[in-house]
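Q: Sequence:
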Amino acid sequence: MIADNLTSRRNFVAGAGTAAVALAALPGTARALAPDDALGAAAMPGKAGSVRPFRVTVPAERIAAMKRRIAETRWADPQPVEDDSQGVRRQTLQPLMAYWGGAYDWRQVEARLNALPMFMTEIDGLDIHFIHVRSRHENAMPMILTHGWPGSVLEFLNVIAPLTDPTAHGGMAEDAFHLVIPSIPGFGFSARPTTPGWGSDRIGRAWSTLMLRLGYDRYVSQGGDCGSVISQRMALQHVPGLLGIHLNMPAVVPADIARTLAAGDPAPGQLSAKERRAFEQLQAFYRDNSAYAAMMNTRPQTIGYSLVDSPVGMAAWMYEKIAQWTDSGGQPERVLGREAILDDISLYWLTETGASAARIYWEDHSNNFNARGIIDLPVAVSVFPGEIFRAPKSWAERCYRNLFYFNETETGGHFAAWEQPALFARELRAAFRPLR
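The numbering used here puts the first residue of the sequence shown at -17, with every later residue one more than the last.
Treat each hint with caution, since some may be false.
Said to hold, decoys possible - In the DMTMM-like style, the derived pairs of lysine to aspartate or glutamate whose C-alpha atoms are separated by at most 20 Å in a straight line are: (1) LYS256 x ASP87; (2) LYS375 x ASP291; (3) LYS375 x ASP238; (4) LYS49 x GLU390; (5) LYS49 x ASP238; (6) LYS49 x GLU92; (7) LYS49 x GLU64; (8) LYS49 x ASP106; (9) LYS375 x ASP358; (10) LYS49 x GLU257; (11) LYS256 x ASP358; (12) LYS375 x GLU390; (13) LYS49 x ASP65.
Hints in this document: simulated from the structure, not taken from any laboratory.
Please model the complete structure; the sequences and the hints are all you need to start from.
A: Here it is, written out as structure tokens:
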């Protein structure tokens, strides 16, 4: 999110089918859950505190309607420049959209999701969707993983196996995790808030409720982007059960540096080389690439009409940031693959959450690169080179009193788990080993 007078950088679905999901996905049980008659983003409400199985089945007519709207796009005229300085170039977007409206198959990712134990539970009056995968290894550490914008739970699909079953992926049994992967309220299959107040503080408290409801009274939290903000708010609030957090987009910019950036002044002369690099990256972001955040931070409803009405408009809005923030030289298909990018974009479109997801910016209305208070719980940080800015350790040490792990990786970007799942898994194993 963006500083003060700038603005901040963060910062349907599926009619569902009936399904019985083994309660082995929940701690301490072995019997099967009785299926609900209807499961989906608008699933039938359960009893307070109940956990209901969930499946995704997007109606065929909804997919056909999406493709029809793509085909009927009224395209903007080509940009009069030879680079991306005006946004996503038409010659980049148009072929991707042609594939999306043609051969792209949503059912493949739908099947991947339905192969996982997915659930819905009501917290504070709102249905929360989550994936819950327990490790077969004894003494696995419970961990909640939180996505961001323009991401989703799909970011974490390829890290589930290496984190829950490390011995099959180059790790040790004692590095195993039980995973809880929720959709943020207003994103994906979670319900869309109908009243204000669902900012990161409240979501952090909801995540603690979720973990305790699942039987985890000691757990860790991990996040990047919005997930980083939520994890840090959990730590600042000392939510029950939280042992520590891992971040791949830490909020560490000191107050004096934040003021300098907000004023548009040059970098202070006393900065180290790594601090100067971070300052210049943030300076460039605020100057050239933060318009999306200004809009969602102040007028999410206004941009929201376009995001839920035009699939190509929504795709361009999201693809620009996926391209900029991956460690891919502006070609995210090279690291994520075309299918994965379109899976994520389709999830937003089919759940009609373009507007509701944008509202978390308005709710937080703060700069989520800047340090916010002093966190005294254990904090681990992994810095990936393609991140929006590469946080220097010197800044992290100023706001994380118990910084017990800090590592700079050689590859990967803002969407670390999505881009480099094996590396991401190794980072989490190493980071949380001292807390076991």
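Q: For this structure, which hints from the list above don't hold up?
A: 1, 2, 4, 5, 7, 8, 10, 11, 13
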